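A.B. asks: Spelled out, the chains give:
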Amino acid sequence: MAEPVVSVRGVAKIYRRDSQEIPVLENIDLTVAPGESVAMMGPSGSGKTTLLNLIAGIDRPTRGSIEVAGQALDGMSERELAKFRSRHIGFIFQLYNLIPVLTAFENVELPLLLTRLSKAERRTHVMTALDVVGLTDRIAHYPRQLSGGQEQRVAIARAIVTDPTILLADEPTGDLDKRSEEEVLILLKRLNREFKKAIIMVTHDPKAAASAQRTVMLEKGALVTA
Amino acid sequence: MKYLRLILRNALRNKLRTGLTVGGTAFLMFVLLFISTALTEMEAWEGEAAKHDRIAIQHSSGLANPLPIELENFLRGEEVSRHGHQLQKMNWFGGWWQDRSNWFANLAVDHPIHRELWSEQKIPDDVQARWAEVKSGAIVGKALAEKFGWKVGQRISLLSNLYSCVPELEIVGYFTVPSDIRQEQQLFFRWDYLDELMNGRKIVGTYWMSARSAADVPKLKEIIDGHTRNSSDPTETVTEKEFAAQFMAMMGNIKGVVFFIVVGVMLIMTLMTANTVAMSARERVTEVAVLRTLGFTQGKILFLILTEGLLLSLVGLLVPLSGALLLFNVWKVSPNPQWFPYFFIEPGTIVLAAGVALVSGLLAASIPAWLSARRKIVDGLRQVV
Numbered sequence: 001m002a003e004p005v006v007s008v009r010g011v012a013k014i015y016r017r018d019s020q021e022i023p024v025l026e027n028i029d030l031t032v033a034p035g036e037s038v039a040m041m042g043p044s045g046s047g048k049t050t051l052l053n054l055i056a057g058i059d060r061p062t063r064g065s066i067e068v069a070g071q072a073l074d075g076m077s078e079r080e081l082a083k084f085r086s087r088h089i090g091f092i093f094q095l096y097n098l099i100p101v102l103t104a105f106e107n108v109e110l111p112l113l114l115t116r117l118s119k120a121e122r123r124t125h126v127m128t129a130l131d132v133v134g135l136t137d138r139i140a141h142y143p144r145q146l147s148g149g150q151e152q153r154v155a156i157a158r159a160i161v162t163d164p165t166i167l168l169a170d171e172p173t174g175d176l177d178k179r180s181e182e183e184v185l186i187l188l189k190r191l192n193r194e195f196k197k198a199i200i201m202v203t204h205d206p207k208a209a210a211s212a213q214r215t216v217m218l219e220k221g222a223l224v225t226a
Numbered sequence: 001m002k003y004l005r006l007i008l009r010n011a012l013r014n015k016l017r018t019g020l021t022v023g024g025t026a027f028l029m030f031v032l033l034f035i036s037t038a039l040t041e042m043e044a045w046e047g048e049a050a051k052h053d054r055i056a057i058q059h060s061s062g063l064a065n066p067l068p069i070e071l072e073n074f075l076r077g078e079e080v081s082r083h084g085h086q087l088q089k090m091n092w093f094g095g096w097w098q099d100r101s102n103w104f105a106n107l108a109v110d111h112p113i114h115r116e117l118w119s120e121q122k123i124p125d126d127v128q129a130r131w132a133e134v135k136s137g138a139i140v141g142k143a144l145a146e147k148f149g150w151k152v153g154q155r156i157s158l159l160s161n162l163y164s165c166v167p168e169l170e171i172v173g174y175f176t177v178p179s180d181i182r183q184e185q186q187l188f189f190r191w192d193y194l195d196e197l198m199n200g201r202k203i204v205g206t207y208w209m210s211a212r213s214a215a216d217v218p219k220l221k222e223i224i225d226g227h228t229r230n231s232s233d234p235t236e237t238v239t240e241k242e243f244a245a246q247f248m249a250m251m252g253n254i255k256g257v258v259f260f261i262v263v264g265v266m267l268i269m270t271l272m273t274a275n276t277v278a279m280s281a282r283e284r285v286t287e288v289a290v291l292r293t294l295g296f297t298q299g300k301i302l303f304l305i306l307t308e309g310l311l312l313s314l315v316g317l318l319v320p321l322s323g324a325l326l327l328f329n330v331w332k333v334s335p336n337p338q339w340f341p342y343f344f345i346e347p348g349t350i351v352l353a354a355g356v357a358l359v360s361g362l363l364a365a366s367i368p369a370w371l372s373a374r375r376k377i378v379d380g381l382r383q384v385v
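If you're matching them up, the sequences are chains H and P in order.
Under the numbering used here, think of the first position of the first sequence as 1, with each following residue one higher.
Under the numbering used here, think of the first position of the second sequence as 1, with each following residue one higher.
Be aware that one or more of the hints could be misleading.
Claimed, not checked - Derived BS3-like pairs (lysine-lysine); straight-line CA-CA distance at most 25 Å:
no., chain 1, residue 1, chain 2, residue 2
1, P, K219, P, K51
2, H, K220, P, K2
3, P, K51, H, K83
4, P, K300, H, K119
5, H, K220, H, K207
6, P, K219, P, K255
7, H, K83, P, K300
8, H, K207, H, K178
9, H, K83, P, K2
10, H, K119, P, K2
Unchecked claim - Pair by pair, the computed Cβ-Cβ distance ranges are:
no., chain 1, residue 1, chain 2, residue 2, range
11, H, S19, P, G23, 47 to 53 Å
12, H, P100, P, G355, 30 to 36 Å
13, H, T115, P, G256, 18 to 24 Å
14, H, G75, P, L271, 38 to 44 Å
15, P, L362, H, I186, 47 to 53 Å
16, H, T115, P, L371, 36 to 42 Å
17, H, G75, P, W370, 23 to 29 Å
18, P, L271, H, A12, 15 to 21 Å
Just so you know, these hints were derived from the structure itself, not from any lab.
Predicted model, so just to flag it, every value in this text is computed and none were measured.
Don't be surprised by glycine CBs; every beta carbon is placed ideally from N, CA and C.
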């Protein structure tokens, strides 16, 4: 069996507010195989987004260890984590989070600015990513000139442009109308099936969850099915 | 360079706010350039004077009081000559040509020694010879001659409030001062001609001479001032630098005022830019968190925001600087041609302004940049602006 792309072992996360400790995750174990798509469901406040953030390396667990793409995240410095994210993680946000002063092309190009690619090479990569999401005709559009569905597709192009190991999506269809939701789900499915991208998607939507190969449930900070 | 577009777009995110900040900064920077240049121009003589070992002997009660002609014999005597030479009488005539607005520096001097004593003034041999021939002859700085369109052989009359006579001078030639073009705004005519017009009253404004070495200067002061101490016309012997500094002193503590203005300008610029950068950074908390999620390091975020602050300051510098250079250095506009025949923005002033812009930009952006870079990514993503 191939090495898992994500391996979470005994992870707990406790937030501290003043002198109060608020446990958000408790003793989480989770593995995701290469090319697997996993939907993470659960009620609000169950810790889905927190777990996603820990896997992305944008937050640190209080206890336990996380390994992504064969790299242990605990013990990494902020700088090392940044490098890890740029290489292995493609993150898709619920509210797209595009930079409003940049065009669709420039938004997708952003992660490539951190690489040593030439301008021409960056252009090729950006156009390929925008072609995958079907938006090559919108390269000069600013986010305000795009629909919600188009914005999310640009955000997906930004997430895949560096060819990351895994895509992490935090309620990617949560702010979309039905038609756009379907388009995005089809796109994510294609990225998983055609491009063999591992995907972890946080969602409240059973229909979105159904598009994944596996669904895990979180309740009060604990995994109830894995 | 690949981040320039992102930095520029962010800086121009709110064009009105950025425009007002840059406009305010540019205005303050222009004030700084203007005042610094005025100070540089006023100090120009002081700087040039420090290069020479010339001394001025003036009345201890001030320049308005003349010195006795008898002092000349003592100054030419053996005791003084051991330490100094090239003695010259010099009277500030304070005249103007045709109209009071045509005021410029004009002085009556002992012409035979002038060229040696003021060696930085380049007087051609034929001009010096002609000056010796023509008692009413005057030598004119090339820049001054060009300004008034004077030609060699032309006769001009000078009017003055200080003297009752009207010298009718014949321009015998021009001199140049390659080391300092400002000195070309002067006219020198013969002291013996002025004395003739004043019916031989032998009025002497100041005596000038060259010390044989820098070490001789204190000796000369001691000998000359000691000799006149108990006379009816006591003297005060000063170096040329001190003589020039007297005029600065007359204008009060200008350096102090300029320093105060520079600090004030820097403070206001910093606060204005800091306000703009802080507002802009606060609006972008989520965007910064997104950039960091994409893999931008804290250092890169710091760099982006600091560069944005620097960019605002730089534009606030370049706009007034190019305007001032065009106005003063290219079109040669002077705010007051009498006081400032030349009003050049010197390289030192540009360096000062650039330094103020750099420090101000860095100071202004440092706190918002540091806060943005240090904020936890998850906190930034949660922030609703």
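A.B. asks: If a hint holds in the structure, say so; if it does not, say that too.
C.D. replies: Now for the hints, and whether the structure bears them out:
1. The straight-line distance between the Cα atoms of K219(P) and K51(P) is roughly 19 Å, inside the 25 Å bound, and the hint therefore holds.
2. Restraint check: the Cα-Cα separation between K220(H) and K2(P) comes to about 45 Å, which exceeds 25 Å; the hinted pair is violated.
3. With a CA separation close to 60 Å, the supplied pair K51(P) and K83(H) exceeds the 25 Å bound.
4. Proximity of K300(P) to K119(H) is assessed by CA-CA distance (about 19 Å); at most 25 Å being required, the pair is judged to hold.
5. Only pairs whose Cα atoms come within 25 Å are accepted, and K220(H) paired with K207(H) is accepted, the gap being roughly 23 Å.
6. Annotation: proposed proximity of K219(P) to K255(P) is violated, straight-line Cα distance about 31 Å (limit 25 Å).
7. Pair hint K83(H) plus K300(P) holds up; C-alpha atoms about 12 Å apart against a cutoff of 25 Å.
8. Between K207(H) and K178(H) the alpha-carbon distance is near 11 Å, which keeps this suggested pair within the 25 Å criterion.
9. For the hint pairing K83(H) with K2(P), the CA-to-CA distance comes to about 18 Å; that is within 25 Å, so the pair holds.
10. Using a Cα cut-off of 25 Å, the hinted pair K119(H) and K2(P) holds, with the two alpha carbons roughly 9 Å apart.
11. Between S19(H) and G23(P) the beta carbon distance is about 50 Å. The supplied range of 47 to 53 Å therefore holds.
12. For P100(H) and G355(P), the Cβ-Cβ distance of about 35 Å falls inside the hinted range of 30 to 36 Å, so the restraint holds.
13. Checked against the hint of 18 to 24 Å, the pair T115(H) and G256(P) fails, with Cβ atoms roughly 54 Å apart.
14. A beta carbon spacing of about 42 Å between G75(H) and L271(P) agrees with the range 38 to 44 Å that was offered as a hint.
15. Roughly 49 Å separates the CB atoms of L362(P) and I186(H), a value that falls within the hinted 47 to 53 Å.
16. Distance hint for T115(H) and L371(P): a CB-CB separation of about 28 Å, inconsistent with the stated range 36 to 42 Å.
17. The hinted window of 23 to 29 Å between G75(H) and W370(P) holds, with their beta carbons roughly 25 Å apart.
18. One distance hint, 15 to 21 Å for the beta-carbon pair L271(P) and A12(H), is violated here, with the actual separation near 46 Å.
Violated hints, listed in ascending order, are 2, 3, 6, 13, 16 and 18; each of the other numbered hints is respected by the structure.
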